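For the record, the sequence lines run as chains H and W.
FYI, the numbering for the first sequence is 1 to 112, going by this note's numbering.
FYI, the numbering for the second sequence is 113 to 226, going by this note's numbering.
Careful, some of the hints might be misleading.
[As the list claims (entries may be wrong)] Okay, the calculated beta carbon distance ranges per label pair: (1) W:K178 / H:A93: 22 to 32 Å; (2) H:G95 / W:G173: 47 to 57 Å; (3) H:T44 / W:F151: 17 to 27 Å.
[Said to hold, decoys possible] Below, computed lysine to aspartate or glutamate pairings styled on EDC-like, alpha-carbon distance capped at 16 Å: (4) H:K3 / W:D200; (5) H:K3 / H:E26; (6) W:K153 / H:E26; (7) W:K176 / W:D200; (8) H:K56 / H:D66; (9) W:K132 / W:D212.
Just so you know, the hints here were simulated from the structure itself, not pulled from any lab data.
Only a predicted model underlies this, so the values are computations on that prediction, with no experimental measurement involved.
Beta carbons are placed, not taken as given, at the ideal position from N, Cα and C, and that holds for glycine.
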Amino acid sequence: EDKVVQSPLSLVVHEGDTVTLNCSYEVTNFRSLLWYKQEKKAPTFLFMLTSSGIEKKSGRLSSILDKKELFSILNITATQTGDSAVYLCASKAAGTASKLTFGTGTRLQVTL
Amino acid sequence: GAVVSQHPSRVICKSGTSVKIECRSLDFQATTMFWYRQFPKQSLMLMATSNEGSKATYEQGVEKDKFLINHASLTLSTLTVTSAHPEDSSFYICSAWTGDYGYTFGSGTRLTVV
């Protein structure tokens, strides 16, 4: 059975801190790892990682995938209160429109 | 581009009644649609995958007679919760494979069964 596990489950930091969120996976026919941010409703897409060791960056967020050790991290630098959300990672199996298997999520709260 | 419109956003129904949730792809053709369920403070659990014109594939443990999925056209997929019970109260969300834009999610439906 495919499994995606995130840690920590929840995190409270002060504005300006840097956080690292972890995602490990055990997935048959793994193709890509995706990160999403979920505030109140629909998850919004952050990154899709397919190649190992290549960092993807968007503003203060960055992510990298290690296909040998089967994990990914999401970094957020200089956190802001607007970063408070649940961060989800999901694995995508091979195949054009294959399903996503979501991790447990990390609930991040950024305080003033 | 690649927007999925999900309705209703919130619904309250009585036990024993059925509720239909719609997901429409507005500017692309969604050949594959995924339906998820999310309990409070938990992650998204895939319920089923629907392909236009064919029967949905349900995940293990999901009752297909209770959660009816129809994907009759390339722009519309529906999930009907039949004979709803309070334990069916949850957040239901659809997602479509868009091709170029990857996966896009509907805005979700919060179902409360009283």
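Here's how the hints hold up against the structure:
1. Look at K178 (chain W) against A93 (chain H): about 26 Å separates their beta carbons, and that is inside 22 to 32 Å.
2. For the pair G95 (chain H) and G173 (chain W), the supplied restraint of 47 to 57 Å is violated, since their beta-carbon distance comes to about 22 Å.
3. Distance hint check for T44 (chain H) and F151 (chain W): the Cβ-Cβ separation is about 20 Å, which falls inside the suggested range of 17 to 27 Å.
4. Taken as a hint, the K3 (chain H) and D200 (chain W) pair is broken in the structure, with Cα atoms around 24 Å apart against an allowance of 16 Å.
5. Taking the CA atoms of K3 (chain H) and E26 (chain H), the gap is near 5 Å; set against the 16 Å cutoff, the hint holds.
6. The straight-line distance between the Cα atoms of K153 (chain W) and E26 (chain H) is roughly 23 Å, outside the 16 Å bound, and the hint therefore fails.
7. Only pairs whose Cα atoms come within 16 Å are accepted, and K176 (chain W) paired with D200 (chain W) is accepted, the gap being roughly 14 Å.
8. Distance hint between K56 (chain H) and D66 (chain H) is fulfilled; the C-alpha atoms sit about 13 Å from each other, no more than 16 Å.
9. A hinted pair counts as satisfied when its Cα atoms are at most 16 Å apart, and K132 (chain W) with D212 (chain W) does not qualify at roughly 29 Å.
Comparing the model with each numbered hint stated earlier shows that hints 2, 4, 6 and 9 do not hold.
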